[in-house]
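One-letter residues, chain by chain:
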Amino acid sequence: MPTVHFTDAEGTVRDIEGNAGDSVMETAVRNGVPGIVAECGGSLSCATCHVFVREDCLDQLPEMEEMEDEMLYGTVVDREDNSRLSCQLRLAEDTDLYVTTPEAQV
Amino acid sequence: MDATKTGTTAAHSVSADATAVEGAVRTGLLIIGASQSGVQLAVSLRALGFDEHITLLGEEDHRPYQRPALSKEFLQGTVESESLIFRSNEYWQEHNVALVKGQRIERIERESDGSGVAHAASGARFPFKRLALTVGARARKLDLPGAELDGVVYLRNADDALALKAQLDGVREAVVIGGGFIGLEAASSLHKMGKAVTVLEYGPRLIGRAVGEETSEYFLNAHRERGLDIRLDARMNRLVPAGDGSRVAGVELADGSVVPAQLVLVGIGVVPNTELAEQLGLDVDNGIVVDRHAVASDGTTVAVGDVANIPNPLPGAPEGERIRLESVNNAIEHAKVAAYSLMGRSEDYAGIPWFWSNQADLKLQIAGLTLGYDSTVVRRDDERGKFSVLYYRDGRIIAADCVNAPLDFMAVKNALAKGQNIPADAAADPAVVLKTIVTDG
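These protein sequence lines are chains A and B, in that order. The first sequence begins at 1 in full-length UniProt numbering and counts up one residue at a time. The second sequence begins at 1 in full-length UniProt numbering and counts up one residue at a time.
Check the hints yourself; a few may be wrong.
[To be verified] Label pairs and their in silico Cβ distance ranges: (1) A:E93 <-> B:Y202: 47 to 57 Å; (2) B:R140 <-> A:M67: 30 to 40 Å; (3) B:E106 <-> A:E80: 46 to 56 Å.
These are calculated hints, taken from the structure and not from any lab test. Note that beta-carbon positions come from the ideal geometry of N, C-alpha and C, so glycine has one too.
The task is simple: from the sequences and hints, build the whole structure.
And the structure:
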């Protein structure tokens with residue numbers, strides 16, 4: 001099973017098993033992981049599913065498209081080099097991903 | 001959406017329990033409407049430490065799900081129904097929220113202390129101490145001869161979408177009545193799926209209720225370029241039946257011509273579901289009238305989301321100005337306000353109202369409310385396919401429509417949230433990055 005390890009701004013870690021094909025955002029929301037709001041449900045319209053990806057996990061992720069890149073300039077907590085919108089990150093069977101959620105999304 | 005699965009979990013066995021507690025002490029919160037706002041209210045209450053029982057009751061035979069994709073990804077078959085589900089069953093169980101599906105409340109009996117019993121059409125009874133109405137709105141019905149023919153469909157809930165998908169195979173030509181968000185999203189989806197689509201809009205421009213004239217004009221041209229046949233100021237006589245008389249074959253216009261269609265999708269707005277509120281004697285005026293804290297006129301019932309008529313939540317909006325917002329963002333933010341209310345706290349509506357609509361490759365994002373605008377600034381970059389309209393009231397920015405222009409959208413949304421302005425003269429140059437010209441106060 002793919003697994004996502006969510007660390008919140010206070011340092012609490014939640015390890016959530018997901019389904020291949022689902023996004024990191026969906027995996028978080030369905031299980032009530034705090035720190036991911038995702039108002040638009042994954043249609044790349046709201047920038048409220050911002051996560052920071054652990055550096056050594058960045059390579060396994062798909063490249064960022066222009067729309068995600070531009071949306072990231074509007075996040076409430078400023079973007080960093082390892083910022084992604086978690087609705088754009090799909091899980092594969094062997095995904096083992098470490099992300100940190102920002103202090104605020106809205 | 002799992003109408004076919006049998007309900008064996010605790011979350012599904014509640015209606016029987018509710019019947020059994022007849023006559024028992026009325027405890028807990030009953031949320032009528034397992035909608036975006038109903039779900040958010042339950043989630044926010046648990047996050048705030050609300051420790052009473054919560055029943056989240058809906059009339060559909062589905063677990064609570066997200067509606068926006070119904071006219072887009074779900075219709076086009078690019079997302080599975082499972083991914084529309086808000087929360088896992090385990091989540092609801094762990095948070096002591098009883099989900100009730102397939103129960104339509106017809107009548108509510110109430111005591112003077114606000115507690116009462118809700119009676120479902122099935123005969124089941126749901127006692128409560130506090131009541132929340134998150135009952136949303138329903139699709140406005142088409143008032144034309146032939147509107148009852150097979151093949152005339154609406155798109156409000158999951159069953160509508162499933163019924164629509166089930167009959168698409170035999171459809172070559174579709175007519176969409178209504179050029180608003182739902183109509184244009186669905187029209188774009190159907191066009192992408194290879195159907196010839198005609199949009200009939202009664203009004204003089206597209207999306208007339210939500211955007212200004214410049215944005216309407218932009219969408220008209222963009223959709224025509226992409227292959228939709230759009231008729232404005234369309235007057236219709238009737239829907240024409242096929243030879244055997246039961247299924248729709250086209251739409252007859254006022255001039256007697258017929259636009260052929262094996263499917264007619266009607267998207268002409270919604271009507272708020274205020275019947276229960278009226279029965280309870282609550283003030284109703286284009287929705288359930290609530291105060292700044294989502295409380296209805298009886299001082300105890302909360303009403304949230306599409307069904308609520310709320311004070312304009314924009315910072316600095318004129319006193320007494322009211323609005324009913326049909327959006328995911330409002331359902332969420334308004335539910336948070338209501339959750340605080342139920343916890344005995346008075347918190348203001350947070351954040352700036354915003355809206356989105358994805359139509360073909362056109363991604364529209366709207367920040368703020370255009371209510372009362374007196375001037376606009378258009379920013380257009382055809383080379384990069386970006387288009388924004390900024391709305392001003394007395395020289396201050398109050399809203400923006402942004403097409404494929406997320407930087408503009410984000411800049412305006414953030415400026416509004418911080419009470420900042422974006423001066424109109426400087427914003428007129430589309431090469432200027434809006435967030436660099438924001439001014440305080």
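Status of each hint after checking the structure:
Distance hint check: the CB atoms of A:E93 and B:Y202 are about 51 Å apart, consistent with the given range 47 to 57 Å. The given range of 30 to 40 Å is respected by B:R140 and A:M67, whose C-beta atoms sit roughly 33 Å from each other. Take B:E106 and A:E80: their Cβ atoms lie about 54 Å apart, and the range 46 to 56 Å holds.
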